[in-house]
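Model the full assembly from the supplied sequences, consistent with the hints where possible.
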Amino acid sequence: MATPATIHAHAPQGFIRKYIFSLDHKVIGMQYFFLALTAVFVGMFLSLLMRIHMVWPAAVLPLVGEIKPETYLSLLTMHGTIMVFFVLTTAPQGGFGNYFLPIQIGAPDMAFPVLNMLSFWTTFVAFVVIIAAFFVTGGAPLHGWTGYPPLSAVQSAGPGEGLGADLWITSIAIFCIASLMGALNFITTTLDLRAKGMSLMRMPLTVWSWFITAILGLLAFGVLLSAGILLLMDRNLGTSFYVPLIVVNGQVLGHKGGSPLLWQHLFWFFGHPEVYIAILPGMGVTSQILSTFSRKPIFGYKAMVYAMLSIGLFGFMVWGHHMFMSGMSPYSAFAFSILTMCIGVPSAIKTFNWLGTMHKGRIRFQTPMLYAIGFVSLFVSGGLSGPFLAQPVLDIQLHDTYFVVGHFHLIMGVAAIFGIFAATYYWFPKMFGRMMNETLGRIHFFITLAGTYAIFMPMHYLGMAGQTRRYSQFTEVAYQAKLIPLQTFITYAAIITISAQLIFVINLFWSMFKGPKASDNPWQSTTLEWTTATPPPHDNFGGVTPVVNHGPYEYAVPGAPRDYVMQTDPVSASAH
Amino acid sequence: MADATLQHDAAVGHGLAGAYEAPLFGAYSKKVGMWLFLASDSLTFGALLFAFSYNRISNPAWPTPFAVESITNATIMTACLLSSSLTMVLGVLAARRGDRAWTRNWLLGTMAFGTAFIVLHGLEWTHLIDKGMTPFANPWAPSVPQFGGTFFTLTGMHMLHVTIGVIYLGVIAFRKWFLPVLAAIWIAGYFLIPADNVFHYGIHALGIGLIVSAIILFLKPKVYDAHDVEVSGLYWHFVDLVWMFIFPLVYLMSTKI
Ligand code: HEM
Ligand SMILES: [Cu+2]
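Chains as they are written, first to last, in this note's numbering: chain A, 7 to 582; chain B, 177 to 433.
Be aware that a few hints might be false.
Said to hold, decoys possible - Only part of the chain B face toward chain A is listed, based on derived beta-carbon distances under 7 Å:
(1) A198
(2) L200
(3) L214
(4) Q322
(5) I387
Hints are computed from structural coordinates only; laboratory data are not their basis. Everything numeric in this text was worked out from a predicted model, so none of it was measured. Note that the Cβ used here is the ideal one computed from N, Cα and C, for glycine as well.
Printed below as a string of structure tokens:
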């Protein structure tokens, strides 16, 4: 946890110190961002293979050949794990949080720069380890991103459940350690390194969201770490934490007396907060962008803060809603159900505040704004199915069907991705000193939005019609065969949407080198990152520490000379 | 305890002292960092304790084999840890007074109690293993392998924490002069402990500790001040506190009556 003051006083010069083992939070943020970008393409490719296999099971595909049932399970496991951990957890928090949290509070760096570097490289190792699972004998594991035992706890349970599953758990454990280090750093930085005048209630909502996400991570990942260690022991030391007396391939294994439900409790105690870890930074970015591009103060700043805090708090009390079908006592199910629905309240508060922010605003429909609006839309569409699932009675029908797949892809998958896109289009000028192309941005947005709905909305109908989740072949099941046309439609939509992401990549890399030069504050935003040079100097503010005189969202202030007041403007800038 | 120069290590490194809001909890970053680490670590232990309780409740045939010797031994271990917390407090106070000699003495005392705890616990483990208790079996209730599983995970994780704590305190108190001592104990331990004993391999934890400490001391060869002692004290008391959960749950509730 050392802070090498001497090392850090001057910007390092050599290539390795500057770009590889850098202590600069901005470089580390970029490293996280590009790691997530790599991961998202791996994850997307896997999902494409799954979609193709679903409707054309006999198809022989490039790179993977014929897809056997167990190949399909490996694909879905790796897709889910890579997306949840290495994209949705890594990009918004590790990437943008790392880059902008210190700048937005006026700090020169994270509180513990060495620890920050270590957390990135630990994450990187975790990624290498999980990718290695593809290449070992038996291939990648079959047990889904949720890793339920006994499947995940028994070496002989299937082809990928040997070394592949060990690598999977090891990767998760390493990832936990990386996230814990990151979370600790984020929280300490927010508590201790705010510039003069940056009181808590003047922090941008993005900072609040990264801060609360870090608290969730700090408390949740430790539990997953323990759960993972126990799983590794069950697999390799013969303990029976999760495995009851069990017969596999006609052979009685040595385990007895364990409970698969123990894993479910530990996993979901982590898992539910994890879904908020993925979405909260997106909420922060959306608030920031909606306010900026509506040229209005955010509606209900304090309500937003308290809503995020209560979402974080309730997030730890609802894990049982993933286990309604596990045979839990109806009384517990009742309690979990009520608590789960309580989360709908702060979620709705946030949604209405977003709408209130846009209401009567002078909206500028630039790409970041489009993505922020898209985020709200997806958050509502995906969120509305939540209260249905939260009813134990309905969940008996809907659990483990495509209804759940639709729910969590809309809200966690794509909404969080929209948050990442919004953040990319919004902060790109600051990070790379150039503007991204608007036209390409808009085309990318409309195809992605339409494509997302085309893919995930029909899944709700599939689920209600009884389409189960995580099965590799159903083209020959009579009642499911009727659903094939809809499945085919989804697959076509997926192919188009995934291809359209190339537009984003082209825009990203083309603009990085050829885009028009950006000014220091192209969106006329108010927060601190826009007061400094583009891209920001090594110590963020060029040898000074900013003094903050204003709240984060002072747009359209009566009597002010411009339609926005920067946080660092002199007190007299607003006439109230 | 807030100390203006310590609060903002990162800022100071950039030559930007001053001009910050007071830290929210009036503590310097390292201390906040340690508190946060302990918060997450308590959840890590919490999960293991939950796993223990879950298994315990769902297995009515849970054995209760710990007779007088075991309980006496564990009580002495507890006494060691409690005393070590006292010496730790005295060490922190001495450091705050600026009394280097006594800081070192009290930390040494804390390390001695910690080491006694580890040795006694090691003997206890060896004894139980000799009786046939393993992570996947035990002689008292063959249908409840979880008895050994939870015992070894919980106490093993805790013993690891105590070991790290002793090395941590050693580095704070003696800096690079502690490294040869650590190396000597590591190598001596490896040769003295018979090869059929788990600690023959477990002792390599010291080797890893040696390498990590050496790297840290190489990167930042400074004299540790009162704040560093205080932060290490937080860690030590936490490890102590965790034992106060493990002792009654694992030992006292499985006493032979
Ligand atoms: C009011 C809000 C919400 C409610 C009431 C709710 C309720 C539920 C329930 C009851 C389930 C379990 C369904 C089942 O497995 O049978 C579920 C699954 C899930 N939810 Fe939500 N949810 C809400 C919001 C969210 C948010 C905001 C996210 C993510 C950002 C999210 C992500 C997920 C995920 C990932 C799963 C499925 C995990 C899996 O089984 O693989 N949910 N939700
Ligand atoms: Cu949940």
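Each hint, compared with the structure:
no. : hint : in the structure
1   : A198 : violated (9 Å)
2   : L200 : holds (4 Å)
3   : L214 : violated (10 Å)
4   : Q322 : holds (6 Å)
5   : I387 : violated (15 Å)
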